[in-house]
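Novice: Take the two lone chains, each set in its own frame, and fit them into one complex as the hints suggest.
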Amino acid sequence: MNNLVQNYDVVVVGAGHAGCEAALACARLGLETIIFTVSVESIALMPCNPNIGGSSKGHLVREIDALGGEMGKNIDKTFIQSKMLNSSKGPAVHSLRAQADKSEYSREMRKILENTEHLTIKQAEVTELLTENGKVKGVKTFSQATYYCKAVVLCTGTYLRARCIYGDVSNYTGPNGLQAANHLTDSLKSNGIEMFRYKTGTPARMDKRSIDFSKMEEQFGDKRVVPFSFTTDPESVQIDQVSCWLTYTNEETHDIIRKNLNRSPLFSGMIEGTGPRYCPSIEDKVVKFADKKRHQVFIEPEGLYTNEMYVGGMSSSLPEDVQEEMYHTVPGLEHAKIVRNAYAIEYDCINPIQLNNTLEFKNIRGLFSGGQFNGSSGYEEAAAQGLVAGINAAMEILGKEMLVLDRSEAYIGVLIDDLVTKENHEPYRMMTSRAEYRLLLRQDNADRRLTEKGYRVGLISEERMEKLRLKERLIDEEIARVKQVHVAASKEVQELMAELESTPLNSGMMLDELIKRPELSYEMLLPIDPERPELPEDVKEQVNIEIKYEGYIKRQLKQVEQFKKMEARKIPEDIDYDDVKSLRIEAVQKLKAFRPSNIGQASRIAGVSPADISVLHVYLEQYRRKRDE
Amino acid sequence: MMGDSDYLAGEKMKQTIAAISTALNPSGIGIVRITGLEAMDVAYKVYRSKNGKKDIRKAPSHTIHYGFVYDEDECIDEVLVMWMKGPRTYTGEDTVEINCHGGVLAVQKVLEAVLKAGARPAEPGEFTKKAFLNGKMDLSQAEAVMDVIESDSKYALQNSLSQLKGSLHDRITKMRETILYHIAYIESALDDPEHISIDGYGEQLEEALLPIKDEVKKMIHSYGNGRLIKDGIRTVILGKPNAGKSSILNMMMGEDRAIVTDIAGTTRDVLEEQIMLGKVALRLADTAGIRETKDVVEKIGVDKARQYANQADLILFVVDSSTEFDQDDEDILSSIRDKKYVVLLNKTDLEEKTSLELLRKKTDRPILAFSAAEEKGLKELEEMLEQMFFAGEFSFEENITITNSRHKAELEETLQSIDLVLNSIADQMPEDFYSIDLMNAYEHLGNIIGESVGEDLVNEIFSKFCTGK
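Going line by line, the protein sequences match chains A and B. For the first sequence, this note's numbering assigns the number 1 to the initial residue and increments by one for each residue that follows. For the second sequence, this note's numbering assigns the number 1 to the initial residue and increments by one for each residue that follows.
Be aware that a few hints might be false.
[As the list claims (entries may be wrong)] Straight-line distance between alpha carbons at most 27 Å, and here's what the computed DSS-like set of lysine-lysine pairs gives: (1) B:K116 x B:K54; (2) A:K400 x A:K467; (3) B:K136 x A:K293; (4) A:K564 x B:K136; (5) A:K558 x B:K54.
Please keep in mind that the hints were generated in silico from the structure rather than gathered at the bench.
So here's chain B without its partners, still in its complex pose (with noise of 0.2 Å):
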């Protein structure tokens, strides 16, 4: 399913690359790393120091410079930002490291403004592999550097193909087709000029690319600025009385995953409170079912809790696995069929009353097994949040959130690539020059959805138009 212009994967045109180079817990500190021929430049172009006259680059190698990152004339974050020349450095190339001290979210954008300036984000295992070319690590690491390419490109694969079912995958498709068709009309009628003619195509090219380009735009648009990014996924705990919601709660927002922010919650008695899991932002809401005492009477508890679910991007489901799955549950269940939800069958410590295979009879949705006494099952929850979102589960069709770095870089090739086209039929350029880029924006879209060209073309001109001797 790869292959054709994999090339381009390995050795992409910009050859700055950053990411985020520490485990993207709210402890505080995240660090982003550049390293390639321009992090320096690259550095410089978002970094103010405090005075905002500090030229980094004209800094000693292996300084550390206090000061802010800015996108553009917004103050991201304040941060210490380390500068080490090559080669003695992890990758052997110019690097340069950003410590920020915002939380998770400002992380995040510092990486964003770092990639806006010039660098692009790092492959599976990039760093490393670049750590291991320029021989900064000796032989015997060899393979482990290749274990860690084929880690991380595991997960990276994952995380594509869960977006196979999404409907950011249909609208990238849908796009790829119409421009898909255009080129192997051009193309057609390049090979067999005297069948087919093109003159005076570039007007109805245009017609079939404007829109295109605007939802492109829309999407990279959607990139930071969308909901679940900026206030984290709507998420409801959901669950009969003494399924373990509290346990659960705590256990979420316990002592190493700090408390982000506290927002009075918009309805009177809920509040909401934003933690982040992993990498993923949750607004959870507290509602009084889950804040219920032993002697509090649940029926309004959990009526609200389902009033407030109906709004929820994300509901966990807590099952008590030391008891019969009753009416309760399935009320619950049935209420919240058509959301998306994750079931957490809590108390696996305990004897077994409701199995696994029981559940999985009554929903197709994820299972995990939980224990709150044990501290089981938090990761597990995690990973699957993460790859959920990082997949665009949680977008909607009428609006498609981007939420994965790499794919906005792509929808910022594919938008230059149209914006060329548009170009060139302006500039009254021959057909045949349209297809060059119309080929470019092709393959940046099948980069997002795991897609390369291959003999698309080829195939596409032969079904499609009726060509030759």
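Bound-form chain A, shown alone (with noise of 0.2 Å):
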């Protein structure tokens, strides 16, 4: 029989929001890319939430952005409301949030991935990875063709095995019914790779028409929009917003769920997964939170061109007759049609840990993967990580320094070191918390943190890196003016610090100190800097952020300093750990399941204690020296 053989530079699986990136920056950095979805349909798909951003995801996609990927000028083009959550908090809280128009984000992704140059697109269920020595060699097809390569990325999302659940009705298909890929698992296990199972859910889609809006409560959408990305024309993003609707369960809703409790699947103990604990379904909710009397529900447009909407805060894996009596016991759902049904799902991953923070395997050379596959959740945590993989894929084969971000220089370092140094049990989420640094870490400066790297690596354009470096010099030249200006307490002063009910001034004092007053800001004190340069708007904000939280942000920078020096010192990759004695048993499991690339890493890794990490500092110290000699 002859099959069909063919190669490439690089095989992408899975062609969802992290294998969109990679194969986007795998071709535009030259390499012949082949992308493969189980449906041609499904590019980009958001078979969950419409939405893009939210807390600390917007700063996921801001990020994405900033390195070259395109996730952010993708929701530009089709969002269809935004917000910016948190504006009245400090500036590193502030997340960008956004509905999309489904529909049409997954279409203009996919006419972004068609018209990339060294970009092919395939429809066919990878079923096998092929590789020698340790090293990968390329895929194989359901209908037993070959394609040869020199890095795959494995971004196979939710399709893993799938199978979608609610009350005893189960289906083997990925999510909307579409194909699963179910023979791909046991070629990786073969190749060593130890596998989890995870489970997410999703609500009901209800049909506009029969819902009454005038029981809930209108919430609308940012009278100024901020893109997503820094080179969408912020003029180009006003446009009409439509609205989104709250309303909220209620003791009779939650009567009917403890009432069928036994039919769940996931008590009954029918769905294995782990599921993420912080995307509950409702019963899981009413379980664990039994004194709430009520949960706020979210009716949210599914596109422009639609009547469905998305029933947010009420996920469920119920039958199909409990969801019905459920919704409809809520305000303004009483007579709802349901479109689609809420659903649990279950697919395989992998155990992160396997990975390098570059995203490859440890095990085997020009493996890499992203999204959820990687044990994730999430659209933009996705994305995120297929970009990192992509680059990395295409730097290994171009044989260039890899891209690692690490936790001081962006969301995304914090999520890739999360996953691969610490142990996971559920799909993971990005959280804002989970950044130490985050004042650093902020999503107005996501540019000024990481486009530089995207040059380097070759996604930004030189003009792009010109207007950044242009950007960074107005900044630096007008905090420098700002900290000379003298401000004397006369009259014209006085009077503009009583119109911004601020205190008097005693004396004459310097702007940049009563910048940092928190009823001031920067541009409100135009009226008495006369000298002051016209300036871009995103200028002005990094001005103001800058000298206003100046203090909070250098305390920062000098625990950033610490956490380098360790992040820098390096353990080779054949370390043996048993040869390094007096490190205690646990963390010689610990070392040895995780094997971290550098000493901060290692430090991180639960179960190895300060003595250990002593202990491991002179045992590299030692090794160092036996080397040179």
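Specialist: Dropping the structure here:
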């Protein structure tokens, strides 16, 4: 029998949010790339909530954009409502969240993929991973076609042995009834890869015409929309926005759920996968927070050209009849028609500690992975990993330095470090509390943190980089200038203070000190700063933040300095922990399992004590001297 | 149980370290060693020459200077200071050694002053580790260095483990729970602003933090001021006649264990003597009962001793292993049930009538085999008391006494973090700024009881607050 055989540089398996970023990165760096999907219609599909961004996830999208990824640009083209969350809080937790027109989002991304040079889209199920001597060789599809390549990026999302469940109904399909990928798991296992089984869920979709919005609170988008991408013209995103709606569950809803708990596959044991705590089903919420009388329900449009509405806050795997009954108790949903039932989905993924922080498998050279396959959840988390995995697959082939972001540089760094150094037992979601240096990792400065790295990798154009350099210069100059400006306690100044409800000046003071007052800002003090040059909005924003929060930022920078020292102490790949005397047994086992790449990472592994780290320090020094001898 | 934040433990903010580098016996001289980039600045802050004019920072390297160590305005001890510039030092870094003469308490107070001046307590094995990493030891010594770290940290770990039972642990745990709850509340609101609102949360948080701040301050203050440190642990030796109390007393006060002070007893016929046993100061009550002679009726003596025992922090109950455990022993045992005591099974060099196993059935307190005749058991007693002391076992519910300089350093960091939160609240900073310093406070308190941050916060958020789509 003759089977098809082809050669590529990179094979990307899966065309969800991770796969798209990975494939685009590789192709844009000039590598011949093929991306496999079970269905071309499902490219960049949003099978769950209709939003991009949100607290800390918005940061991820900004970072993806700063590195040269696509997600930010794509949502800017296809959003139908946008909000800056936490805008009354500090700048570190401001976070963008947009409602997407789902089908437009998917279509636009597909258009980008289809029009990218060096990128081939192929509808086929990859069933086998081909390796040789611990190195990737290629993949095989269901039809026995072979694709040889130098690197493979696995982004299978929730499709591996996927199973959708509600009540006692279960189907071996991916989301939305799409074909599952049932063969690849076995091939991965036979390559020595450890697999987990996770689950997640999604609420029902309802027909807009059957919903009574008069019983709900209308939720508007922001008056002035801020784009996700640093390259999007802010004027282009000031569009007519659609509304979302807020309603609540009640005791009646909860009673129905409680009465039918025995019919839930979660409680009956039919679902074995581990579900995420941050994204609980409504039945979970009712059980765990029994004293809460009501839970919020957000009704969100799925797009402009569909009547389907997403029922946020009420994901469920209860049987169809219970769903119907339960949803109808919610004010405004009394007569709602369910278009798609809520369901839970189970899927195979890997234990991510098998990966380096480059997202390459420690044991298989040339094999990279990203997204839900790595045990994360969320479109943004997926896209971020896909981008890094794709970049590093390319870097390896091109023989260039890999891209590793650390915890002090990006939320993406926190995300990947957490995945590869912590024991995760549920789908991982990004949270702002996971970032210890979040005052530095703001969404407003993602370009200043990361664009130069994207430029070095080759995904950022010279023109964009030059723009950034100019911006940096303007910021530096303006901060330096402001620090030299003396404000006298003149009549004009005192009048402005009164107007801004700030205490009058006792004597003259420096302008930067005045900006630090909580009720004031750089912008507000324009009238008493006559020498101020004309500056772009984004420059003014940076100047304000850098001055206003200077004390806090300096403290974090100092912590980062210490952190960096530990990260810089590399641990050689061939270290034999059994050879390190005086390490405790638990530490040896953990270090052998995780194989951290530096001392900092080693110190974050649960079960490795400070004394073990000290011992490791000494051993590494011994190792270094022996090698130098 | 450790993990997440431990990289800080290995590479703390303060890079200059200090410790008492001599064995703490009351031989009179003890050395406090300071090493690191700022060693000289630290020394400058605590040292004054005789005429008060010498700037020790300008002295040439490897010279010795006579003078005094001050803690602010209080003169602590007369000292000789050795100043050695790196790399020609043990650790390879700038090093100052302060030779103290005023006995063990003085050495500890000098260390205290040095820590206040900006050094931090050295980690287990850290001097040796620095020496190795700075190339002051050859390769063959590497494993010995690792062993030092290992054994030192085992000792430290033992200490922190035995603390898990104490009241200090309970207090710290309660404070941590409160702090964590508030961080989780703030963080869940930031993560899910449409579900949970924290506008104006500062006031509430301040209310919760002020009592914690007070408590931390009290704990810090108790260090060095505590009666246990100043006067020693009130200790009484009890036992039936001829159990060997006197010989044990003599052994504890033996020539190599100099008497630190003689204090006239508060009770007419009781003399108290302050002695150092290892790193621990004991205020040993020498009762009439202890000073018995053969022909004195013991009844009175034992009664007095018992009376005294009621007020003691620690009782050393001496049992004669060469006689049966009789009614006298039973009486003593039942009278001290509720006290903190250690059993010394004496005369183990003689034929055994009362065995260790028998005693184990009668009490769950520690029992040490002892032989005054063969001078056996003293070292074990010393180690046991040290461990109990530094684990805070001699402090009481109503009045926690901090006895460990590392604990104190962590409490000071905690206090600083809490103050930063309170400042942020006063400055009307947005709520997300609070949780950063709160987390630091949580972490420092955790270091005291050997618990790291790990996934605590994420777990707390999910268990206490209903968030998510």
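Novice: Next step is simple, just say for each hint if it's right about the structure.
Specialist: Structure-based check of each hint:
no. : hint            : result
1   : B:K116 x B:K54  : holds (21 Å)
2   : A:K400 x A:K467 : holds (25 Å)
3   : B:K136 x A:K293 : violated (67 Å)
4   : A:K564 x B:K136 : holds (25 Å)
5   : A:K558 x B:K54  : violated (34 Å)
Hint compliance for this structure: hints 3 and 5 are broken, all remaining hints hold.
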